[in-house]
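> Residue numbers (the numbering used here), protein chains in the order written: chain A, 333 to 765; chain B, 157 to 1137.
In case anyone wonders, no lab produced these hints; they're calculated from the structure.
Possibly wrong hints are sitting among the right ones.
To be verified - In silico lysine to any residue, SDA-like type, Cα no more than 25 Å apart, as pairs:
| # | chain 1 | residue 1 | chain 2 | residue 2 |
| --- | --- | --- | --- | --- |
| 1 | B | K592 | A | K442 |
| 2 | A | K499 | B | M823 |
| 3 | A | K724 | A | I685 |
| 4 | B | K442 | B | Y1109 |
| 5 | B | K1063 | B | L862 |
| 6 | A | K442 | B | A828 |
| 7 | B | K748 | B | K962 |
| 8 | A | K761 | A | T719 |
| 9 | B | K592 | A | K761 |
| 10 | B | K602 | A | G696 |
| 11 | B | K253 | B | G243 |
| 12 | A | K744 | B | R607 |
| 13 | A | K550 | B | V825 |
| 14 | A | K499 | B | V825 |
| 15 | B | K1094 | B | S648 |
| 16 | B | K592 | A | Y609 |
| 17 | A | K744 | B | L597 |
| 18 | B | K1121 | B | A828 |
| 19 | B | K602 | A | M611 |
| 20 | B | K202 | B | Y1109 |
| 21 | A | K699 | B | A1060 |
| 22 | B | K990 | B | Y1030 |
| 23 | A | K421 | B | T760 |
| 24 | A | K421 | B | S1061 |
As the list claims (entries may be wrong) - Quick list of the computed label-pair ranges, beta carbon to beta carbon:
| # | chain 1 | residue 1 | chain 2 | residue 2 | range |
| --- | --- | --- | --- | --- | --- |
| 25 | B | S572 | A | N646 | 55 to 63 Å |
| 26 | A | E645 | B | A833 | 55 to 63 Å |
| 27 | B | N752 | A | E645 | 44 to 52 Å |
Every residue gets a Cβ at the ideal spot worked out from N, C-alpha and C, and that includes glycine.
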Amino acid sequence: MKTITKLLTGALMIGSTLSLSAQTGTVKKPKVLFIGIDGVRSDALQQANTPNIDTLMAHGLYTFDSWHCGATSSGASWSTMMTGVWEAKHQVTNNSYTNPNYANYPYFPKRAKECLPNLKAVQIITWDPMNDPANSNNSAGFVFNSGFNQSIDAGTHGQGAVTAAAKIQLNDPNLDILFIHYDETDAAGHSSGFNPSNAQYMNAIQTVDQEIGEVLAKLYQRPTYAQEDWLILLTTDHGGIGTTHGGQSNTERHIWWVASGPSVPHLEITGPDPGSYYMPTNPVDTTLLNNTPVLTDIAVTALAHILKGAGCENPETNPAWGLDGKSWLLNDTTDTTEPENPTYIEDVNNAAIEFGIFPNPNNGAFKVAFKDISGNIEVRIQNINGTTVQSKRAQGANGLTVVPFDLTTLPKGIYFMNVVNNGKQTVRKIVLQ
Amino acid sequence: MKHIATYIVCSILPGAVAAQTVTIKGSVKDKQGTLPGITISVDNNKYYTVTELDGSFMLVGLPMGQYSLEVSSLGYESYIKPLDLSGDTDLGTIELKEADHMLNGITVTGSLRGTEIKALNMMKSSMVLSNIVSAEGVGKLPDRNVAEAVQRLPGVVMESDQGEGRFISFRGTPSDWSSALVNGDRMPVADEESKTRAMNFDIFPSSMVDYIIVSKTLSPDMEGDAIGGSANFMTKSAPAKKTIQAALGSGYNAQAQKPVFNGALSYGNRSKDGKFGYFAGASLYKRNWATDNYQVFYGSNIDQSLSRLELRDYEGQRNTIGANAALEYKFSERAQIYAKGVYGRMTDEEYNRKTMYNWSTGWGQSIRLQNIHNIMQTDFWGAELGGELKPSSKLSANWRIASYSNHFQYGAVPFSKGDPRNGYHVIEFEKSVNFKDFLYLDENGKVTDERNAYDRLKLLNIDSPEPGYGDDYRNIQPVYENVPLINPSDTSFAFTRAYSETNETWEKDPIVAQLDLQYSAGSKLKMKFGGKMRMKEGRRNVGLELWERNKNLSASILYNNFNPGAINERGGFLAELGSPYQGQMLPFLSGKQIDNFVNNQGDTLRHIPFGTATPYFQQMVGSSYKYKETVYAAYAMAEWNVSPKLTLIPGARVEYTSPAVEADSIMTVDPALGTVALTPVRSGKNYWSVLPMLNAKYTLTDKQNLRLAITRTFRRPNFNEIKPGAAAINYSNNDLVYGNPDLKPTYSWNYDLAYERYMSASSMFSIAGFYKQVKDHIYTAFESSSADNNGVSNEFQIPGGVIAKKFQNAPEAFAAGIEASLMSKMRFLPGIWKNLGLNINYSYTYSQMRIDARDQVQALPRQSPNVLNVALFYENPHITTRVGLNYRDPYLYELNLYAVKDPASDKMLILHQDNDYDVYVGRSLTLDFSFAYTFKEKFSVFTELNNLTNTPYTMYRGQKERPLKTEYYAMRGLVGLRYNF
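If we strip away everything but chain A, and leave its shape as in the complex, we get (with noise of 0.2 Å):
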């Protein structure tokens, strides 16, 4: 866990932009905006049209890796999260909630609350369990401890009022920690399919992005957003099969999340499978679960930011609160120490050209993203030998620019992607899977 942090601090050092505090001398106060939504298959995000959370995986770390090792339910998934610990700890195996343990292993805004009590908290969602009726405007649902100041349940209002709700929320000065929560997407996937060639589940995928791109169109807003540090989080709980979730396939279990802001590091990681509490052929394997991004890294980076610099003991290892993910978070210590399972690492941040592949690894459906990029873009396809297989020329714009590419008709294996732009030229790896 410690080597993964190392290694990437060692591949980003040069030319990182992290830090602005430690450059300014200024301190931002750290912030949290958590985005869930639910239900959203790692294939379906990368073929579906979405702006805004491209752009956020551009300015972000982000993984198509993450690996689910518990029951893919959303109740067992969204308390993973947001607790930072594995179902055997919070014991939350389904939707029913039926003992949950957040008694002793509470969600992360609670446990950040024990070290910094003044902070701010609030929830909305639309899906009713995940509810702390202590203080909400639901007087049922199954979360307690949650250190929310106000949860909020956007009942049967949709989507529109999460947003509605969370731009009013975003008003909000003193608001430290805020999690959102979006269930269209996964009511489109049970009721049509969990599945890129259904239109409507991608519908969905690309509607939710909108609303994403409303609340952080408000987030940038903020009057005081220059002296805040914001770490946005966006994930999703669990994929799909058929019109279905909740087993141990591939398609329900491999996933994705993005972490974007300052505190972390832009570039994607990739990760091997690192086996699933519930599947006997297929077991945790600990050395990799501690190396590979999963969902109990969401509130473990969560909490490493907002207490970054509150003088708190390390939430990733603090025996009393005995998480089980790890920090993201860039952090200012250099060392170059080899990793002793590496994982796949592109360096994004040292390029010529700023652009995203998504997804990387692929299957050759992919798209190249630029952002607020001018004059003529040309994108060549090489493979190991040098040939180019495929070339497109783009014209740059304000805001975002993006070239999709298929592959899919080409061997897999190792290739590159030569990308010019006004005398400038970068090059970049790319895994056809």
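Mind docking chain B on chain A? Use the hints.
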């Protein structure tokens, strides 16, 4: 009104009134009582009329002179008398002698046969296509409620609930196309589940009924909202002489393995001068019942995979109390007044134990146990005051004012009486498991392992792409293992929640007023005018009281701590299928434990009262509504004896309906905090219904009728169908139904042609053809769900999503059919066999409707093609025995018009053009038996056996090998003693 009527008649037919004519009147009876439906013929049908229900007749407009009067009827000797008319003449009472009595030399005891002859006479002389079953006919049948009695009539089908008759329909048409009337009025309806206008007749014991008149064609003086037909239940009125009836019976329900009890007592008498008569009766029917049921839920509209198997064991006790009374006073021949009262109460106490195997994995794979107890209580009453005035010999007026009320609520479970938290009370426990019986398919539909699966399905063998995989529909076996040990609640069942589904539903018709004027314009023409007004109001109010564990204060509540007991499988759960679920029906709590659970847990549980601060409130708000409706109707018709053979009844009825439905929708008060409030929404479109009707009867011979009817009738939309606002959610069926305030009423042009032949007093044959051209038939269509039902996912969601439906009009539809009936006593057989009789009725109906969503024409939902009733009976003075068979074809119940919105074109794409995802009700074949032995003239012992074939009630998806609901009730029987004085 009277003046207007007279004026109209006078202006139309000035000649008829001006002629010098006289009137004759009188009444007809036999030894036992008055005879309705008897033809009074003057000069071989030159002039004729038919006796009323009370046996009276009047014939006006006869020119003075000499005539021959003939009173002839099935089963009686003809009465012939010469008349010399020089002025109005009262012929007094004409008593007919029973023909069979004389011919066969059999001593006929009591009035048993007479009433059946009465019924046949009424049918023969009726101006509309009708069937009549008499009190006696009702008493003969092994039926305790009137819906079951009436299903013995030609072309009548019964829909049942837990094995008992509840709704009726005609010739296989949808049950809410038909109207069920009590004394001519449509009854208010209050049912726990059904939101239709169809009366729930299980609260109505057959002992309260004198006659049931089933009319397949309407005349303008009848309520016009009956497309399929109309059944009129005439409650008992004051008898002609002292009458005492008593019955006592006891029996056994084989499914419940528990007793059944029935008792009835009635008394009626008349004062010596005959002016004052009264009747009072009461009955009690107490029966234990039980049902073995399994239900299969399909999680998706995309494929046929199973999401849930529910094994349901029901045990219950029903008590029906019925009482009715009638008073009658004749001031004079010209004026009489009467009052009637009816009361019915049914309580149904039910224990339901559900074991739910939940494959659908969105929730997490699990087994759920629901311990359910509830008491359903329905109270019905009606009161009626009416009278008859005959201001002149030519004009008579009948008036009546009535008031009715029907009320449903849950009884005192789990709290004391009157507690608003009483309801359908459920204590639920759950355990996580991993199912091992999935079929895993890869992207190309090839079998693979779980890890690489693209689809994970639990399938029936008929839907399996893989040979050897899949369950037989009669034996769907869940295969599972415990999940890895994470905490104790995963290996033992743990409490998840308790809840009460609350429901108070009532409907009242506070005032129903009716006036009918009959004017005899001449010897061949009677005019009838009238009006009716009905005020109606009603309310359905449902809620959900929830109890969750105080999870921060308490440890989980484990099932085993309650020592749940093994269920009494009463000879094997689903023994009819070979008891495939032995040991799979898991142990359950006792009734006391269910009732006391919430109280005993005390602060361990947190009560979440129903209100705006609950998520399910926002979802259930659409299930509650209230409404008012006022109906004004007026009609005019003539009964015109065109020739000795031909009678025409032209006329029209106009009904004006003014409905108003009020429901709630949710409004956000503070979006920042998610707080909401209710805002009322209203709907209701007034409409006029113009219903021209023509009935024609041609008497081919004395014993043969030819009938033709062209009538326009309609069906009012139900209140839930035109309800505005949020969708109503049915948790049991996991669906969500939107009202449609723009719905139009359904109209039908009905064409009926019938031939009747009366062979003897109790034998007849008829054949009829009918065609109904229906516009705007209302049906529920499935709709896209996810786009519309934002955020319905909460803890009451069942994985797989809910299914959204909406009421819609089908622009064009028709039903056409033929119907044949034979009622025969086999007099031609030798010796004792001549007492054998056979009644057969068969109807075949073809129907179709065209809807936008489907390319092909569609059968009308809820229409059975083939319907057959057969009764074989043997009757002699001592023994009455009968075997009855009822058969009904499967029918399409609901269409699956599930659609997804194509984001590119924004169009809704219907997923299924074929019937593979449609819901059907399975075929039904029932056999009943009754036997009665009469001794010492006044006593009889009887036995009744129902459901001898143990026919299950089934529903399925597309084909019967894909079951939705399968329910067995077993046989039930009753043995008793009856006393008639």
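> Taken at face value, is the distance from the CA of I685/A to the CA of K724/A at most 25 Å?
holds, 16 Å
> Taking 25 Å as the top limit, are the C-alpha atoms of K744/A and L597/B close enough?
holds, 23 Å
> Is K1094/B close enough to S648/B, meaning Cα to Cα at most 25 Å?
violated, 63 Å
> Taken at face value, is the distance from the CA of L862/B to the CA of K1063/B at most 25 Å?
Answer violated: K1063/B to L862/B is near 53 Å, above 25 Å.
> Under the criterion that the straight-line Cα-Cα distance not exceed 25 Å, is the pair K699/A, A1060/B satisfied?
Within the cut-off at roughly 21 Å; holds.
> Hey, K421/A versus T760/B, does the alpha-carbon distance stay inside 25 Å?
holds, 22 Å
> The hint says 55 to 63 Å between S572/B and N646/A; measuring C-beta to C-beta, is that right?
About 58 Å separates the Cβ atoms of S572/B and N646/A, which means 55 to 63 Å holds.
> Please verify whether K442/A and A828/B have alpha carbons no more than 25 Å apart.
holds, 22 Å
> Does the alpha-carbon distance linking K442/B and Y1109/B stay inside the 25 Å limit?
Judged against 25 Å, a Cα distance of about 23 Å means the pair holds.
> Would the pair K744/A and R607/B pass a check requiring their Cα atoms to be no farther apart than 25 Å?
Judged against 25 Å, a Cα distance of about 21 Å means the pair holds.
> Would you check the hint for K592/B and Y609/A, treating anything up to 25 Å between C-alpha atoms as holding?
holds, 17 Å
> Below or equal to 25 Å on CA atoms is what counts here, so check K761/A against T719/A.
Measuring from Cα to Cα gives roughly 14 Å; hence the hint holds.
When the structure is compared with the earlier hints, violations turn up for hints 1, 5, 7, 9, 11, 15, 18, 20, 24 and 26 and for no others.
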